[in-house]
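Engineer: Following the hints, put chain G in place on chain E, whose structure we already have.
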Amino acid sequence: MSESAATVQPAEPARSGRLRLPCGRTVTRLWELLDLRDQDTPPTRSHRVLEDHVHGCPHCTAELSRLRELRALTTALAQDAPRAPEGLWSRVMSVVRTELRSGPDLMLVPGDPRAVVATAAVTRVVRRSLQSQPEIRSVGRISVTAEDGAGLVVTVRITGSPTAPAGLADSAADALRVGLADAVGATVIRVDVSVEADAGQEQIDG
Amino acid sequence: MAPAGEHDSRPEDDIEDSDLVVAAQEGSAAAFEVLFQRYRDRVYALALRMTGQPSDAEDVAQDCFVTAWRKLDDLQSPGAVRTWLFRIATTTALATVRRRKRAVPVPTEELAHRPAHGGEPAARAELTHRLAALQQALLALPARQRAVWLLVETEGLSYQDAGQALQASADVVRGLLFRARSRLAEAMSEWI
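Line order of the protein sequences matches chains E and G. Here the first sequence stands for residues 1 to 206, numbered as in our numbering. Here the second sequence stands for residues 1001 to 1192, numbered as in our numbering.
Simulated from the structure, these hints should not be mistaken for lab results. Keep in mind the model is a prediction, meaning the values are calculated, not measured. Beta carbons are placed, not taken as given, at the ideal position from N, Cα and C, and that holds for glycine. Accuracy of the hints is not assured; some may be wrong.
Unchecked claim - What the simulated footprint calls covered on chain G by chain E, stretch by stretch (three residues with Cβ under 8 Å from a Cβ of chain E suffice, anywhere in the stretch; the number is not a length):
#, stretch
1, 1085–1096
2, 1165–1171
As the list claims (entries may be wrong) - Each pair of labels, with its calculated beta carbon distance range:
#, chain 1, residue 1, chain 2, residue 2, range
3, E, His53, G, Asp1041, 38 to 46 Å
4, G, Gly1175, E, Asp52, 41 to 49 Å
5, E, Thr145, G, Ala1140, 50 to 58 Å
Just chain E, same shape as in the assembly:
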């Protein structure tokens, strides 16, 4: 009996646990084929061979059609995501606002435990100082530590605008020193600014 005239049989479990079709192909391979098609990935040689086989095989064609329907149903399920209940927001945010991430206190004056400032407050000042500079496109993570009350050590990574001048690291360091002196009254003893230029430009450390 020719294959085209054969009755289409469902897949049977193979010894390996992979479902095998009467034509000998496994359902796993058909899933791979479907994945490649959906992801627009160029097929491998073995998948091209499988594609050729599928076109003339009623078992593979029928199985692939079923898998495609399941995939379409899956897409519909993904788009049908239920909305989170309204009460979730208040419960999560009440914890977030209670458990402030202010970081450790930084000592501003040697031996004076009252002269301290929260790390988060200093970080905010640094960020605002840098964001006010037009030649700075973005500000990455900021790290601030205090060295025994002698002053603050600030480390930050910034990205310059396409027209940023060569001395951007120095001007950024000056901006954050002034910002911290004005807003917190803190002395900055060291600033490490690493500048990541826009694509195509070299990284400069200052």
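Structural biologist: Leaving out everything else, chain G in the frame of chain E:
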């Protein structure tokens, strides 16, 4: 790219995840709130499909975001926050399912909470029933198979990212996914 820390002065959609994470790591509750708004529905949906119970799903989603806030400093790649949240949610959901031994299928309307939209009424009704059947079949899967299937098929995670969420290798993910697909195809045979 919008500067982090000033997200409330501009449309939130313009702010990249990585900027929000950095701002939140520095203590900005407002930045974290934008992240929460951005991912709450996806995290809740994942939790609901994992646990099958709205009350459990709400607890899982709440635990997920509270844990994320507390452990933000552990996130080394701020741009990977989506995968990281799914990892926390999956771990929490699996623990919940283990505690209850198995997910208890819920009434159809709890999961297929709204009718499918678009098309003719008869086609919409048919799609609603098929989606409900798929969700029931999903709940009948072993929990790790269900998790892999949800992460890869509905959230679009790579095998590697799904593996991170489940603390498993990409090969293990591939195996779990194939078994899940096979079982679902079998369970859905009268619908597809």
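Engineer: Decide, hint by hint, whether the structure agrees.
Structural biologist: Taking the hints in turn, this is what the structure says about them:
{"no.": "1", "hint": "1085–1096", "in the structure": "violated (count 0)"}
{"no.": "2", "hint": "1165–1171", "in the structure": "violated (count 0)"}
{"no.": "3", "hint": "His53(E) / Asp1041(G): 38 to 46 Å", "in the structure": "42 Å, holds"}
{"no.": "4", "hint": "Gly1175(G) / Asp52(E): 41 to 49 Å", "in the structure": "28 Å, violated"}
{"no.": "5", "hint": "Thr145(E) / Ala1140(G): 50 to 58 Å", "in the structure": "54 Å, holds"}
Hint compliance for this structure: hints 1, 2 and 4 are broken, all remaining hints hold.
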